[in-house]
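**Student:** Based on the hints, put chain W in the right spot on chain C.
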Amino acid sequence: MSRLQRGSGILVLAAVIALWQLLAMLGVVTENQLASPTRIVAATVEELQEGTLAREIMATARRIIIGFSFAVVFGVLSGFALGRSKLLHAAFAPIIEFLRPMPVVAILPIAIFVLGLGDRMTYSVVAFASGWIILLHAMDGIRSIDPVLIDTGRTFHIRPLRQFLTIALPASAPHTFTGMRVGFGIAVIVTVVVELISGFGGGLGDYIGVSQGALRVPEAYSGIVLVAILGYGLAQLFALLERRLMAWHHGFKQQAR
Amino acid sequence: MVALEVAGLRKSYNRAGVLTTALENVSFNIPDRQFISIVGPSGCGKSTLLRCIAGLAEPSGGDIRVGGQAMHGVPDDMVYVFQEYNRSLFPWRRLLGNVAYPIESRLPRSVSSDRARAYIKLVGLEGFENYYPWELSGGMQQRAAIARALVTEPKFLLMDEPFGALDAQTRVSLEETILDLWSRSPRTVIFVTHDIDEAIFLSDRVLVMASRPGRIVEDIMIDLPRPRHQIETKEDRAFSDYRRLLFGLIAPPSASTLS
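Chains as they are written, first to last, in the working numbering: chain C, 1 to 257; chain W, 1001 to 1259.
Don't take each hint at face value.
As the list claims (entries may be wrong) - To spell it out: a stretch of chain W is covered by chain C in this simulated footprint if at least three of its residues, at any positions, have a beta carbon under 8 Å from a beta carbon of chain C; those stretches are:
(1) 1078-1085
(2) 1100-1109
(3) 1131-1140
No wet-lab data here; the hints were simulated from the structure. No experiment lies behind these values; they were computed from the predicted model shown. Cβ coordinates follow ideal geometry from the N, Cα and C atoms, glycine included.
Chain C on its own, in the form it takes in the complex:
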């Protein structure tokens, strides 16, 4: 990315914030509709110092990370199993297609009923919502491995387990990582939604809900902005990890052009 390209991104962001501040100051939008950026920053600082905001941020971050981890373990393992076995795939594909598009708001009441309120329920819902996409990508990654790679493993008499670990796994990794990236985005959203709707256990979602209920507008927007920053920050960490592990893939794709 050139310096112009990088700079332009920051420029647009700054311009939007400036415009937003201007609109608020001019009274085009009222305080109750859209708090100005300065008010949001002030509210954030105040809440961080005197309130529980720091704790809420940590709680949401924890839920995202743990819920996502469960999704990865579940999604990757089942994805690999379904990718390797045509029988398992045929057996479970229909039910996956059925469960996958279920919106979180639909399953949340059932989840609360079965698991109660609390972290166990949150982790389960987050894992459920983001696990499917990881599963499908991992499965697809295994199923679409180049047959030449498989034949290479065969002609060198590599044992099946070793073939899986040293050929199938790396070959399908790019696919799987894409699934994980998408799944992570879902995990962030779902975590906040669960916190907001259940109104239990704190976290940024709860904080936003409570602030909205009390008509504390700057605090509510502060919560929303913090969710965005948290999500972005964690996603960047994930991207860093991916770039390290998949360095070969980026180079490989570059070459292919």
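**Tutor:** Same frame as chain C, but now just chain W:
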């Protein structure tokens, strides 16, 4: 000493009720350490034949015996080199890791690493050990694939149009490399190619196949002196005689324009 026996090999495919015979009644024996090429028109089944021998495809009938023993799955001591070198090397491993792969689980790390380096040097890729395959040219990648195949020191080397996707100059260079490697460590090589000149230049013997159904129509010993040279051998009158013969067998209608 007969290294490989193929008897009555048959391979057919059943696609939506239509039976296609790719190979029909293919029989031949290969003695130890012979360099044999298989040529034929596109689609005659020469790759299918090679894959059956390599244990990568299941014959529909007939018998293949390696060293006198019936085949079960992929034979030991036999390695297949693919035409698609860029898809067969692992893009997530560097050159050294790729070449060492077949032996690294069976030997101590230092031994497999040293042996891999030796073969990398043998194919002329010394200095590129830390490069990823996709950072190398096509010819270099195929050399890497050959090094990887040889690192297991197999008795049989099966090559499926290995130089087909390369330019003419790279092909010439790789032909010389293969002959050099073979003369240093003789083994049985079965070389599938569509290039008649290449087949004559490299081999002791050429099997000619026809298509529909795939079958062997001619079995020719190449009586040209070794070592072979790109200029001198091809200037030999015998070379052009073989050439005329093979072209005539593979593309009969236009053969009349050759003489």
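**Student:** All hints are to be evaluated individually against the structure, with a verdict given for each.
**Tutor:** Here's how the hints hold up against the structure:
{"no.": "1", "hint": "1078-1085", "result": "holds (count 5)"}
{"no.": "2", "hint": "1100-1109", "result": "holds (count 3)"}
{"no.": "3", "hint": "1131-1140", "result": "holds (count 3)"}
Violated hints: none; the structure is consistent with every hint.
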